[in-house]
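Engineer: Given only the sequences and the hints, what does the whole structure look like? Please build it.
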Amino acid sequence: MGKTMQCVQRVLEKLEKVLGLQIILEKSLVVFSHNIPCACKVELSNILGVRVVDRQKKYLGLLTVVGRSKNAIFQHLTNKVWIKLQSWKCKNLSQAGKVVLLKSVVQPIPVFLMSCFQVPLLVCREIEGLMVDFLWHNKGLRKNSLASLGKGLSSKQMGGLGLRKISDPKQAMLLKQFWRMIINPNSLISHIWTQKYFPTFKLHKARAVVGCSFTWRSILAL
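Position in the sequence shown (first residue = 1) + 23 = our numbering.
Honestly, I wouldn't trust all of these hints.
Listed next, the in silico EDC-like pairs over lysine to aspartate or glutamate satisfying Cα-Cα at most 16 Å (straight line) [said to hold, decoys possible]:
1. LYS126 <-> ASP191
2. LYS188 <-> GLU149
3. LYS93 <-> GLU36
4. LYS107 <-> GLU39
DEER-style ranges, computed between Cβ atoms [said to hold, decoys possible]:
5. ALA244 <-> LEU211: 16 to 26 Å
6. VAL123 <-> CYS30: 52 to 62 Å
7. LEU211 <-> LEU52: 14 to 24 Å
8. CYS235 <-> GLU39: 40 to 50 Å
9. LYS64 <-> LEU116: 18 to 28 Å
10. GLU49 <-> ARG148: 39 to 49 Å
11. LYS126 <-> ASN58: 44 to 54 Å
The set of hints was computed from the structure by calculation and includes no laboratory data.
Virtual Cβ for every residue (Gly too), placed ideally from N, Cα, C.
Structural biologist: Next up, the structure:
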């Protein structure tokens, strides 16, 4: 395995020469399988000259590895929204002020993740529940017993407050990634996906293969 790492190191060095870009090893990270012994991880990381991180390490706000339990993986979205709403509950906000905060701050929180992954519907429902609870509760007491999830998250034409459901833009965000690949076939991500998932260049024959990324599975699930 040490020879493999040395080979990877040589490939990276050649990549630097071809692209004219330098790889900053101090900012680079390596992720190993849980089956690899700790001593082996240390030895291999020393060969590459990069730090070892846990599988749940984030990069640009996204998880580097998505496990089987999707609800648990994306639970940090719910926690982030809950913390944000708790900080607002102590303030004397009007109903209109709450709606503005939800639209401008809370609803955009999961958008970045939705552009890369299919966020579980359960997580979306939990966030929507927190939003409605923030609208109709004050210090733990219900303001309006007739308020419901549908009323809070329905259009103004339907008598609601105009808040969008968290799950509404989920498909659109992922389809946007697929559309970018179609209109810009020379992009780096287009080359990677084409060679890995449909080398025949026929999009309608694209399938989920063993070991494919969660992003690709999310797109195929649309």
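Engineer: So, for every hint listed, does it hold in this structure?
Structural biologist: Going through the hints against the structure:
{"no.": "1", "hint": "LYS126 <-> ASP191", "result": "holds (14 Å)"}
{"no.": "2", "hint": "LYS188 <-> GLU149", "result": "holds (11 Å)"}
{"no.": "3", "hint": "LYS93 <-> GLU36", "result": "violated (36 Å)"}
{"no.": "4", "hint": "LYS107 <-> GLU39", "result": "violated (43 Å)"}
{"no.": "5", "hint": "ALA244 <-> LEU211: 16 to 26 Å", "result": "holds (24 Å)"}
{"no.": "6", "hint": "VAL123 <-> CYS30: 52 to 62 Å", "result": "holds (56 Å)"}
{"no.": "7", "hint": "LEU211 <-> LEU52: 14 to 24 Å", "result": "holds (20 Å)"}
{"no.": "8", "hint": "CYS235 <-> GLU39: 40 to 50 Å", "result": "violated (28 Å)"}
{"no.": "9", "hint": "LYS64 <-> LEU116: 18 to 28 Å", "result": "violated (50 Å)"}
{"no.": "10", "hint": "GLU49 <-> ARG148: 39 to 49 Å", "result": "holds (42 Å)"}
{"no.": "11", "hint": "LYS126 <-> ASN58: 44 to 54 Å", "result": "holds (46 Å)"}
Violated hints, in rising order: 3, 4, 8 and 9; the structure is consistent with all others.
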